[in-house]
Amino acid sequence: MFLGTKICGFLGAITASAIVIAQASEAQAEALTVTDIAGRQVTFAELPEKIVLGEGRMMYSIAPLTTGNPFEKIVGWKDDLVLYDPDAFRKFEAAFPADTARLINFGNPYAGDFSIEAVLEADTDLVLLDVGNLFKAEETGLVEKLGAAGVNVAFVDFRRNATENTVPSLLLMGRILGEEKRAAEFIDFYIAQMRKVTNVVDGIPAEDRPLVAIENAAGWQNDFCCWSFGPYNFGRFVELAGGVNYASTLANAYSVDISLEGLLEADPDHLIGTGANWIESRPEVSSILLGYEGDPAVNAEKLQALAARTGFAELRAVKEGNMHSIYHQFYNSPYHFIAVQQIAKWLYPDDFEDLDVDANFKELHDRFLPFEASGQFWATLE
Amino acid sequence: MVEQTIFPGAEAAELVKAYKQRHLRRIGLVIGAAMVLSCLVVLDVITGPANLSFARTFQVILDPSIASPKEQVIIWKLRLPVALMAVTVGAMLGVAGAEMQTILNNPLADPFTLGLSSAASFGAALAIVLGWSVVPGVGGLFVTANAFALAMITSCLLFLFTRLRGVTPEAMILVGIAMLFTFNALLAFLQYGASELQLAQLIFWQLGSLARASWGKVGVCFAVLAVVLPYFMSRSWALTALRMGEEKAAALGVNVSLLRMSVLAGVSLLSAVAVSFVGAVAFVGLVGPHIARMIVGEDQRGFLPLSALCGALIMSGTSIASKAITPGIVYPIGMITSLIGIPFFILLILGQRKRHWQ
Numbered sequence: 001m002f003l004g005t006k007i008c009g010f011l012g013a014i015t016a017s018a019i020v021i022a023q024a025s026e027a028q029a030e031a032l033t034v035t036d037i038a039g040r041q042v043t044f045a046e047l048p049e050k051i052v053l054g055e056g057r058m059m060y061s062i063a064p065l066t067t068g069n070p071f072e073k074i075v076g077w078k079d080d081l082v083l084y085d086p087d088a089f090r091k092f093e094a095a096f097p098a099d100t101a102r103l104i105n106f107g108n109p110y111a112g113d114f115s116i117e118a119v120l121e122a123d124t125d126l127v128l129l130d131v132g133n134l135f136k137a138e139e140t141g142l143v144e145k146l147g148a149a150g151v152n153v154a155f156v157d158f159r160r161n162a163t164e165n166t167v168p169s170l171l172l173m174g175r176i177l178g179e180e181k182r183a184a185e186f187i188d189f190y191i192a193q194m195r196k197v198t199n200v201v202d203g204i205p206a207e208d209r210p211l212v213a214i215e216n217a218a219g220w221q222n223d224f225c226c227w228s229f230g231p232y233n234f235g236r237f238v239e240l241a242g243g244v245n246y247a248s249t250l251a252n253a254y255s256v257d258i259s260l261e262g263l264l265e266a267d268p269d270h271l272i273g274t275g276a277n278w279i280e281s282r283p284e285v286s287s288i289l290l291g292y293e294g295d296p297a298v299n300a301e302k303l304q305a306l307a308a309r310t311g312f313a314e315l316r317a318v319k320e321g322n323m324h325s326i327y328h329q330f331y332n333s334p335y336h337f338i339a340v341q342q343i344a345k346w347l348y349p350d351d352f353e354d355l356d357v358d359a360n361f362k363e364l365h366d367r368f369l370p371f372e373a374s375g376q377f378w379a380t381l382e
Numbered sequence: 001m002v003e004q005t006i007f008p009g010a011e012a013a014e015l016v017k018a019y020k021q022r023h024l025r026r027i028g029l030v031i032g033a034a035m036v037l038s039c040l041v042v043l044d045v046i047t048g049p050a051n052l053s054f055a056r057t058f059q060v061i062l063d064p065s066i067a068s069p070k071e072q073v074i075i076w077k078l079r080l081p082v083a084l085m086a087v088t089v090g091a092m093l094g095v096a097g098a099e100m101q102t103i104l105n106n107p108l109a110d111p112f113t114l115g116l117s118s119a120a121s122f123g124a125a126l127a128i129v130l131g132w133s134v135v136p137g138v139g140g141l142f143v144t145a146n147a148f149a150l151a152m153i154t155s156c157l158l159f160l161f162t163r164l165r166g167v168t169p170e171a172m173i174l175v176g177i178a179m180l181f182t183f184n185a186l187l188a189f190l191q192y193g194a195s196e197l198q199l200a201q202l203i204f205w206q207l208g209s210l211a212r213a214s215w216g217k218v219g220v221c222f223a224v225l226a227v228v229l230p231y232f233m234s235r236s237w238a239l240t241a242l243r244m245g246e247e248k249a250a251a252l253g254v255n256v257s258l259l260r261m262s263v264l265a266g267v268s269l270l271s272a273v274a275v276s277f278v279g280a281v282a283f284v285g286l287v288g289p290h291i292a293r294m295i296v297g298e299d300q301r302g303f304l305p306l307s308a309l310c311g312a313l314i315m316s317g318t319s320i321a322s323k324a325i326t327p328g329i330v331y332p333i334g335m336i337t338s339l340i341g342i343p344f345f346i347l348l349i350l351g352q353r354k355r356h357w358q
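Chain order of the listed sequences is Z and S. Going by our numbering, the first residue of the first sequence is number 1, and it counts up by one from there. Going by our numbering, the first residue of the second sequence is number 1, and it counts up by one from there.
Think of the hints as simulated: they come from the structure by calculation, not from any bench. Heads up, the beta-carbon is just placed ideally off N, CA and C, and yes, glycines get one too. Please note that a few of the clues may not be correct.
To be verified - Some, not all, of what chain Z presents toward chain S, calculated at C-beta under 7 Å:
(1) A111
(2) A217
(3) Q221
(4) F224
(5) D257
(6) L264
(7) E265
(8) G311
To be verified - List of simulated lysine to any residue pairs, SDA-like, C-alpha gap at most 25 Å:
(9) Z/K136 x Z/Q41
(10) Z/K50 x Z/T163
(11) S/K77 x Z/Q41
(12) Z/K136 x Z/T163
(13) S/K248 x S/L259
(14) S/K77 x Z/N222
(15) Z/K319 x S/S65
(16) S/K20 x S/A238
(17) Z/K136 x S/F189
(18) S/K77 x Z/D267
(19) Z/K50 x Z/L369
(20) S/K77 x Z/G311
(21) S/K77 x Z/N252
Based on the sequences and whatever the hints tell you, model everything.
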């Protein structure tokens, strides 16, 4: 009996290993084909082990999708995270110092160019690019040349059509990274967080929705107001949060330059500027320094200064305490559900009284990110 | 022949009469253009996304104390500086272009021919992309200050080179072209390293905008015009003589080199200030003077003021059009100036019977 159990256990173990081996070889034999955000079919003979990121800020989505070290498969990136979100970079650096030091820097993501030789030199299997670089990458023959050298290129998008493309981008990245289960968990979390707002907002009639003006990178330029978003990105976040986005009423474009006089005339109910820690790379900006090292006392003063710009004191939003600032990098990150939630809370404080954005932000970090939440990510003029 | 000069006859009286008529016609044209310009300025001030009536706008301008705070901001801080900035910058570019064409004896010259706008753009890019300030202690105005400084440094270099190689139009243009390409290359370097926001800011700066206007800047523009324009007017006979040919001008007692250098200094100052305040606005300085020349001819007494007025008219029209396309959206003026001026320019070319550039 005892022997029998042992034999059975042994046989079971053999069968189990045989199944595992069979599955593994099956997986190896079966190439992985995915459709990227540009609609291209990308086929991998095996899962890529060495990945180059077309933007450093893609780490915002790679980090929650990987269970261990998010840099494990990353060999190189561009320096936008280091330069334009130094707070987040230092968080990654503190958690994985050896990796951030090891990564090859491919320079400026907006130049839309890659040193193909350097990519090949690093034995890269895959280059992940932002879909905004699709045209340039095809024009310069980057995709074709890398393809000829056996390097795959896949496009993702967290910016242009952020809310529409986040889930497909995460799915794609999860499959490529071999983290499908983790990706499914994170996508589920993302959808649940987004629904917390949209389920309530759906019931609000169009005529009751407040007018909201977005000021993109408020304080970046000292003598010009304002850059804004049409029905994309932060403009879309406002719409999802139940607001009418001012610049969407003017133009159906990603980026819209609105005039101060037009803003004064429209006199929106809420004015929301975006800000991040840009002062390290550009000391002259008067932006709100939101991020992991954001200091509420410093930012309160900076927000006062932005409200004191020519003409702004006459805006109803400023007078009624509805001038806000929010972390700019939500515009290029799957964490934009935090922006949607906080904007909804600003627009409808009663309906969203129970929505605890801080807690949700903390949950995001506790469950999915390799570091703790800290700093300040949004602020309202006092 | 001798008799005629000693005893002026009926023919000479005719000449004098014709001269007086031409003179009156010139004055009439200048006054007419000035009147059209005032109408455009009024139109510029009363148009905008905010719905303020014509009467109300004027009451607020005449008596600022009656304005609501919002009207105060819209009219006094936003519309008036922009409208006056359009006029002064347009006039500066018109004058600068007119005299550049004159001293270089080249119909394709404009205020930026000698690479000034590339230098200014490079200066602005230094500030926007690298955060470098060429002039210390200017604070938030460092983009403007950099653009101005680089444009003036370029014209100093130009002076230096032309001193070495002789003050001929050829030498000036060739050195200018060298400057142009140098700064364009340097600018491309900076653009390549720029972030999304920096690139947006840089392109917006280069395409030009009146939205950055302020009373201080309008004041500077007026001051520069008030110094340079009377000087050019005082040299108008010499400049007219220069257009007849270098030798003829020299024979009439004009120190051609000195004239070229001093006018170039004035033109540099005008263009550097204009480009640093509103960005590299092409076309106004090139076509404004041509329109003036086709209407009034080469005589600088009419040509110079009318060039200023034509430049101002194009810029004022641009300011109105840029607000009218989509109320509430700011369009860069660089892409509108050409569209405003070209129909009129084409009409004039079609209507001309003689060649206007000799």
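**OP:** Take the C-alpha atoms of Z/K136 and Z/Q41, compute the straight-line distance between them, and say whether it is at most 25 Å.
**Re:** 19 Å, holds
Original post:
Keeping to a limit of 25 Å between CA atoms, is the pair of Z/K136 and S/F189 held or broken?
Top reply: 18 Å, holds
**OP:** Would you check the hint for S/K77 and Z/G311, treating anything up to 25 Å between C-alpha atoms as holding?
**Re:** Holds. S/K77 to Z/G311 sits at ~8 Å (cutoff 25 Å).
**OP:** Assess, step by step, whether the Cα of S/K20 is no farther than 25 Å from the Cα of S/A238, and give holds or violated.
**Re:** 20 Å, holds
Subject >> Restraint check for Z/K319 with S/S65, where alpha carbons must lie at most 25 Å apart >> reply: 22 Å, holds
Subject >> Given hint S/L259 paired with S/K248 - CA-CA distance at most 25 Å >> reply: 14 Å, holds
Subject >> Hint validity - Z/G311 Cβ closer than 7 Å to any chain S Cβ >> reply: Result: holds, 4 Å to nearest chain S Cβ.
Original post:
How about Z/A111: closest beta carbon in chain S under 7 Å, or not?
Top reply: 5 Å, holds
Original post:
Against chain S, is Z/E265 within 7 Å by beta-carbon distance?
Top reply: 4 Å, holds
Subject >> Status of the Z/A217 interface restraint (C-beta, 7 Å, chain S) >> reply: 5 Å, holds
Subject >> Distance restraint between S/K77 and Z/N222, which requires alpha-carbon spacing of 25 Å or less >> reply: Holds, at about 15 Å.
Original post:
Are S/K77 and Z/D267 close enough, with their CA atoms no more than 25 Å apart?
Top reply: It holds: about 17 Å lies between the C-alpha atoms, which stays within 25 Å.
The structure does not agree with the numbered hints 10, 11 and 21 stated previously, though it agrees with the rest.
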